[in-house]
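Please dock the two separately framed chains into a single complex, following the hints provided.
The listed protein sequences correspond, in order, to chains A and B. Residues in the first sequence are numbered from 0 upward in steps of one, following numbering that gives the first Met the number 0. Residues in the second sequence are numbered from 0 upward in steps of one, following numbering that gives the first Met the number 0.
Any given hint could be a false lead.
To be verified - No farther apart than 27 Å at their CA atoms in a straight line, the calculated lysine-lysine pairs in the DSSO-like style are these:
hint, chain 1, residue 1, chain 2, residue 2
1, A, K166, A, K34
2, B, K54, A, K166
3, B, K107, A, K166
4, B, K1, B, K208
5, B, K107, B, K120
6, A, K170, B, K107
7, B, K126, B, K107
8, B, K200, B, K47
9, B, K126, A, K259
10, B, K1, A, K166
11, B, K200, B, K1
12, A, K170, B, K47
13, B, K120, A, K166
14, A, K170, A, K34
15, B, K120, B, K200
16, A, K34, B, K47
17, A, K34, A, K259
18, A, K170, B, K54
19, B, K47, B, K1
20, B, K47, B, K208
21, A, K166, B, K47
22, B, K1, B, K54
23, B, K54, B, K208
24, A, K266, B, K126
What the hints contain is simulated information worked out from the structure, not anything from laboratory work.
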Amino acid sequence: MTDLLSYEFMRNALAASILASILCGVIGPFVVTRKMVFAGGSMSHSAFGGMGIACWLGLNPLAGALAFTVLAALFLSAAGRRSTEENDLLIGVLWAVGMALGIVFIHITPGYVPDLMSFLFGNILLVPRGDLVLAAVLTAVVTVSVIVFFRGFVSIALDEEFARSRKMPVKGLHTGLLVLVALAIVTLIQVVGIILVLALLTIPVAVAREFTIRFTRLMILSSVTGILLCIGGLAVSFTMNLPSGAAIILLGALLLGAVKAFRFFRK
Amino acid sequence: MKSLVRIENITFGYGDHPVLEGVTLEIMERDYILVIGPNGGGKTTLLKLVLGIEKPWSGAVVLAEESLRERMGYVPQYATFNRNFPISVFDMVGTGLITGGNYLSPGKQSDRGRVEEMLHKVGLYEKRRERVTDLSGGQLQRALIARALVADPVLLFLDEPTASIDITARTTLREFLDDMNSRIAVVVVTHDPTPFARVYKHILCVNGKSFLHGRGELDSQDLEALYGCPVELLGHGIPHTLLREHDGGER
Numbered sequence: 000m001t002d003l004l005s006y007e008f009m010r011n012a013l014a015a016s017i018l019a020s021i022l023c024g025v026i027g028p029f030v031v032t033r034k035m036v037f038a039g040g041s042m043s044h045s046a047f048g049g050m051g052i053a054c055w056l057g058l059n060p061l062a063g064a065l066a067f068t069v070l071a072a073l074f075l076s077a078a079g080r081r082s083t084e085e086n087d088l089l090i091g092v093l094w095a096v097g098m099a100l101g102i103v104f105i106h107i108t109p110g111y112v113p114d115l116m117s118f119l120f121g122n123i124l125l126v127p128r129g130d131l132v133l134a135a136v137l138t139a140v141v142t143v144s145v146i147v148f149f150r151g152f153v154s155i156a157l158d159e160e161f162a163r164s165r166k167m168p169v170k171g172l173h174t175g176l177l178v179l180v181a182l183a184i185v186t187l188i189q190v191v192g193i194i195l196v197l198a199l200l201t202i203p204v205a206v207a208r209e210f211t212i213r214f215t216r217l218m219i220l221s222s223v224t225g226i227l228l229c230i231g232g233l234a235v236s237f238t239m240n241l242p243s244g245a246a247i248i249l250l251g252a253l254l255l256g257a258v259k260a261f262r263f264f265r266k
Numbered sequence: 000m001k002s003l004v005r006i007e008n009i010t011f012g013y014g015d016h017p018v019l020e021g022v023t024l025e026i027m028e029r030d031y032i033l034v035i036g037p038n039g040g041g042k043t044t045l046l047k048l049v050l051g052i053e054k055p056w057s058g059a060v061v062l063a064e065e066s067l068r069e070r071m072g073y074v075p076q077y078a079t080f081n082r083n084f085p086i087s088v089f090d091m092v093g094t095g096l097i098t099g100g101n102y103l104s105p106g107k108q109s110d111r112g113r114v115e116e117m118l119h120k121v122g123l124y125e126k127r128r129e130r131v132t133d134l135s136g137g138q139l140q141r142a143l144i145a146r147a148l149v150a151d152p153v154l155l156f157l158d159e160p161t162a163s164i165d166i167t168a169r170t171t172l173r174e175f176l177d178d179m180n181s182r183i184a185v186v187v188v189t190h191d192p193t194p195f196a197r198v199y200k201h202i203l204c205v206n207g208k209s210f211l212h213g214r215g216e217l218d219s220q221d222l223e224a225l226y227g228c229p230v231e232l233l234g235h236g237i238p239h240t241l242l243r244e245h246d247g248g249e250r
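This is chain B alone, in the form it adopts within the complex (with noise of 0.2 Å):
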């Protein structure tokens, strides 16, 4: 598979404060990696390094190619969006669509069917013309990833999309996340990694540094290893607490 980015050894923080030190990883067309780790550990500020919205300290994020950086979806945490903001259905996820070179443009004819297409493919069409504010959780979350994905990306990151949302939304979402990733990379950053079991292809440990680790990798006395406290497992194979201590092998 071909290598779509690669994050060279970059250090990166705020004010005088390192988030995250000498991180290196490499994303994979059609990878699936789960980003674990406690609260500012770097999880999001890694993601928005690789986003561009972030300028590192040191090191590079190289990408395969320069297009990419148009073709990277984000899917925000939920508190980034304005909830009460008065737009359709529709209108938000068209923009998706509005970037740093079109924005002073006016929308394109195509960009109509682009957008409808996406609202079928997540199951929103019929919700077109209601206000973002009265969709559910996992509506909108389903409506945040329309937006993400209807510049048609070749990477999908994905901040905590199931922090908001009840246990029948989220099984929606990993199994609307397991069908983009038969064309797409997905990274999803998240507190728990149990919706993903099933489907993942690495998780990534963060936490000032960062740890790459394999599919099946992590056995329960490993982690309790690594964590330095018990770890509760739910019989497949990814942790659900938060990381502590980490001493993994770096990838």
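The following block holds chain A by itself, in its conformation from the complex (with noise of 0.2 Å):
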């Protein structure tokens, strides 16, 4: 292990796991109980419209992502409607035309994109030190965030009817959840990718609520599941040489299908 860590890029990918690990705690939890997987998922693959416009434009990529990732957070914010129904619609949309934009635009940008696959899938092992040092202020943004908006956080989570009864900017705060659930992705993105962004919301949460019925223990058990996932992944991707993304993503199904099957034969 201390030899690996002679290596920059491992650095680097150790402490962007470390990151996307508690992003996955402070905000994976929100994702599942307010039900915005989806949401999330549109998010992330509008991103892919972001980074093919700042390649066109010769910019970075994450910063594309970075702005298409908020705009489509206030839109579905803007945008969303009273019924299921018309939401579903919304999140369909932008999630496809997200993708669209970005394949238009990688496909006018002169020469080729290099960085096409680690888009779609991540490469945590090819993680610049420029994009950490964004990932980490992204990380601080929205773990200070959720910390002084938790009681709002969760009310709205819990009871949105009840939560409007006592006054609470229910709006305000369904729409800086999303924002910091695009800031979030944004970050996760360089981790595994556009494509398997909703796992690492997701499964983290799922393993971690087999265990504990508080919430903000539920926070810190899928972050600790999270990093257990994305530096085991990595190891397994080192020795095995696999896409690195998607083996951190079937590391945490094994581990989930691993706790489900535990508890089904516990009973």
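Here's what the structure looks like:
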């Protein structure tokens, strides 16, 4: 392990794993309990549009992803309707349009876009120092915001109608939460890529909720699970020469299956 | 008795479709009002207007004092509550103390005492560490009432509180509300007024418009004329079929 850490790319990968794991715990439980999983999916896929435009303009793709995911969050909040069907429709449209924009702009970008596969499936071993700094800033912003607005977020995730009756700013809190999910997604994209982000926001939470009934403990346990998965996946990826994002997610799926099986046979 | 809330000729709807038109009502201290009416008639909407969740298109909801806005307890319909949320009974009841004015500050030490007191009152203190998901329907209903009461309201609104609980739990709920009514006003939206038959003071019929009746003002003949259909009575003066046409005296 010490030998591995002598490589800068491995140190960066480890730092990115830890940051991603913190976000798994801080924001994942809200995504799951507030039923925002597919809203998160549409935001992460819309990031591809931002990355494509950023590549075409010669900018850092992560800056494009950041702009597009935040815009997608604001759009979902502003255009959100009362009915689940209409919201589903919006989420689906945003999801597909984001991907389509990304494909078009990458297609018209002159020359070869080497990071295309990293955008889609992530490559934790190729996280540059600059992106790591951005990820650290985003993780800090998300974590501090969740601590400050914690009671508000819990209230709307538990019972939105009751929260309204207590004069909580439900719409503002919902928008804020969507924006924080967007910021988290930008960090997680570096680890597992656009397509697998959903898994990293949900699998650690699904594992952790088998062991606790308290929301704060769920957040901590989800982070710990995230760290185990990211570092474990990293090791598997390194030793077996497999794509890191996929290795992390499959390891998570195995862990979730094992936990569920343990629970089932213990009953 | 002192007036707590006056609803003055309010009209409200969703989109272009009016749900309530020209509704007027006064809720007094320690009143006990049953709100009945068909689905889509505007019962829940009326509660949301009084609670300030929705703003009327016209008319006004006038509170006796502005401080009353923080002292209205609400038990929403069962379906609005996220039953799978990972939270203990104690913490869930504690969320009743979070308001738009204090959600950015940490909870106070005295809050714990208030939550414990309320859990004792609804008979759930022993269950305080259990997960909300593991409560029975009746226990969850009591926990939701405790959440509504923990902020010490003078007016308690319950939306379909008997919808998902068994007969024993209904009796417990009714007895608990009787007890609360010695201190606070209670407004219950229900499709089934039967459990509250012995204790209500007024019945509000809501179907676009509203009609308030005092206790004993409705008999079977009146009801058949008002509803335009035979109405099943249980011998205590309250129908438990759905409201149809209604031409009763408005108050």
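Comparing the hints with the structure gives:
1. For a cut-off of 27 Å, the pair hint linking K166(A) to K34(A) stands: about 22 Å separates their Cα positions.
2. At roughly 13 Å between alpha-carbon atoms, K54(B) and K166(A) fall within 27 Å of each other, so this suggested pair holds.
3. Between K107(B) and K166(A), the direct Cα distance comes to roughly 19 Å. Compliance with the 27 Å bound is thereby established for this hinted pair.
4. Pair hint K1(B) plus K208(B) holds up; C-alpha atoms about 25 Å apart against a cutoff of 27 Å.
5. Between K107(B) and K120(B), the direct Cα distance comes to roughly 21 Å. Compliance with the 27 Å bound is thereby established for this hinted pair.
6. With a CA separation close to 26 Å, the supplied pair K170(A) and K107(B) stays within the 27 Å bound.
7. Distance check on the hinted pair: K126(B) and K107(B) sit about 22 Å apart at the alpha-carbon level, within 27 Å; holds.
8. In summary, the hint linking K200(B) to K47(B) is supported, as the alpha carbons are separated by about 22 Å, within the 27 Å threshold.
9. At roughly 26 Å between alpha-carbon atoms, K126(B) and K259(A) fall within 27 Å of each other, so this suggested pair holds.
10. Our distance criterion of 27 Å between C-alpha atoms is met by K1(B) and K166(A), whose separation comes to about 25 Å.
11. Restraint check for K200(B) and K1(B): the C-alpha separation of about 15 Å stays at or below 27 Å, so the hint holds.
12. With a C-alpha separation of about 16 Å, the suggested pairing of K170(A) with K47(B) holds against the 27 Å cut-off.
13. Our distance criterion of 27 Å between C-alpha atoms is met by K120(B) and K166(A), whose separation comes to about 26 Å.
14. With a CA separation close to 16 Å, the supplied pair K170(A) and K34(A) stays within the 27 Å bound.
15. Restraint check for K120(B) and K200(B): the C-alpha separation of about 24 Å stays at or below 27 Å, so the hint holds.
16. Restraint check for K34(A) and K47(B): satisfied, since their Cα atoms lie roughly 24 Å apart, inside the 27 Å limit.
17. A threshold of 27 Å between alpha carbons decides the hint, and for K34(A) with K259(A) the separation of about 21 Å falls inside it, so the pair holds.
18. With a C-alpha separation of about 15 Å, the suggested pairing of K170(A) with K54(B) holds against the 27 Å cut-off.
19. Taken as a hint, the K47(B) and K1(B) pair is honoured in the structure, with Cα atoms around 22 Å apart against an allowance of 27 Å.
20. Annotation: proposed proximity of K47(B) to K208(B) holds, straight-line Cα distance about 16 Å (limit 27 Å).
21. Between K166(A) and K47(B) the CA atoms are separated by roughly 12 Å; this keeps the pair inside 27 Å, and the hint holds.
22. Restraint check for K1(B) and K54(B): satisfied, since their Cα atoms lie roughly 25 Å apart, inside the 27 Å limit.
23. Between K54(B) and K208(B) the alpha-carbon distance is near 17 Å, which keeps this suggested pair within the 27 Å criterion.
24. Between K266(A) and K126(B), the direct Cα distance comes to roughly 22 Å. Compliance with the 27 Å bound is thereby established for this hinted pair.
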